[in-house]
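Undergrad: Here the sequence shown is numbered in this note's numbering, starting from -2 and rising by one per residue.
Because the hints were derived from the structure by calculation, they are not lab data. A portion of the hints provided could be inaccurate.
What the hints assert, rightly or not - DSS-like mimics (lysine-lysine), calculated; alpha carbons at most 25 angstroms apart, straight line:
| id | residue 1 | residue 2 |
| --- | --- | --- |
| 1 | 92 | 40 |
| 2 | 24 | 65 |
| 3 | 24 | 92 |
| 4 | 65 | 92 |
| 5 | 40 | 65 |
| 6 | 40 | 24 |
Claimed, not checked - Ranges between beta-carbon positions, derived for each pair:
| id | residue 1 | residue 2 | range |
| --- | --- | --- | --- |
| 7 | 19 | 61 | 19 to 25 angstroms |
| 8 | 64 | 1 | 24 to 30 angstroms |
| 9 | 11 | 91 | 32 to 38 angstroms |
| 10 | 38 | 90 | 19 to 25 angstroms |
| 11 | 2 | 30 | 18 to 24 angstroms |
| 12 | 26 | 91 | 28 to 34 angstroms |
| 13 | 8 | 90 | 31 to 37 angstroms |
| 14 | 9 | 89 | 32 to 38 angstroms |
| 15 | 53 | 23 | 20 to 26 angstroms |
Keep in mind that this is a model prediction, so the values were computed, not measured. From the three backbone atoms N, C-alpha and C, an ideal C-beta is built for every residue, glycine too.
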Amino acid sequence: MDLDLIQQLVQQRGYRLTAHASIEATKDGISPADIRYVIFHGKIIEEYPEREYSDLETCLIYGVLPDKIPLHVVIDVVHQEAVVVVTAYIPDRDKWLASQARRHKRGKKK
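Turn these sequences into a full structure, and let the hints steer you where they fit.
TA: In structure tokens:
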């Protein structure tokens, strides 16, 4: 998956938040500006090939906000034309090592 493409799409067209993403972000005090910041300053740490069907690609972007809070943003890129934020959350230290590596491997690492 190409982070440059994701950033270009967000720059040109913005992104859409799913209802789930909105709920989870609100629970963790994450703003739309925080999500955008991670998209532009983070890195892809996992890709989810099992979710790929049709022209949908999914990945997990990790970034650290200016106030040093780690943030995960899961996005779908639809037909290489639109970005949908599936969820955004502050990673649980019990599940993640240094917020970047999953303690129990799930997705394909980038």
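Undergrad: Against this structure, judge whether each hint is valid.
TA: Taking the hints in turn, this is what the structure says about them:
Distance hint between residue 92 and residue 40 is fulfilled; the C-alpha atoms sit about 19 angstroms from each other, no more than 25 angstroms. Proposed proximity of residue 24 and residue 65 is supported: the alpha carbons are some 18 angstroms apart, at most 25 angstroms. Only pairs whose Cα atoms come within 25 angstroms are accepted, and residue 24 paired with residue 92 is accepted, the gap being roughly 18 angstroms. For the hint linking residue 65 to residue 92, the alpha-carbon distance of about 19 angstroms falls within 25 angstroms, and the restraint holds.
Using a Cα cut-off of 25 angstroms, the hinted pair residue 40 and residue 65 holds, with the two alpha carbons roughly 15 angstroms apart. A hinted pair counts as satisfied when its Cα atoms are at most 25 angstroms apart, and residue 40 with residue 24 qualifies at roughly 23 angstroms. Separation of residue 19 from residue 61 is about 22 angstroms and conforms to the stated range, judged on CB atoms against 19 to 25 angstroms. At roughly 26 angstroms, the beta carbons of residue 64 and residue 1 sit within the given window of 24 to 30 angstroms.
The hint said 32 to 38 angstroms for the Cβ distance between residue 11 and residue 91, and at roughly 34 angstroms that hint holds. A C-beta distance of roughly 21 angstroms is found between residue 38 and residue 90, which places it inside the suggested range of 19 to 25 angstroms. Checking the proposed 18 to 24 angstroms range against residue 2 and residue 30 shows it holds: the Cβ atoms sit about 21 angstroms from each other. Our hint of 28 to 34 angstroms for residue 26 and residue 91 is violated, since their Cβ atoms are close to 20 angstroms apart.
For residue 8 paired with residue 90, a C-beta distance near 32 angstroms keeps the hint of 31 to 37 angstroms intact. As the Cβ distance of residue 9 to residue 89 is approximately 33 angstroms, the hint placing it in 32 to 38 angstroms holds. Taking the beta carbon of each, residue 53 and residue 23 are about 25 angstroms apart, inside 20 to 26 angstroms as hinted.
Going through the hint list in order, the structure does not satisfy hint 12, though it satisfies all others.
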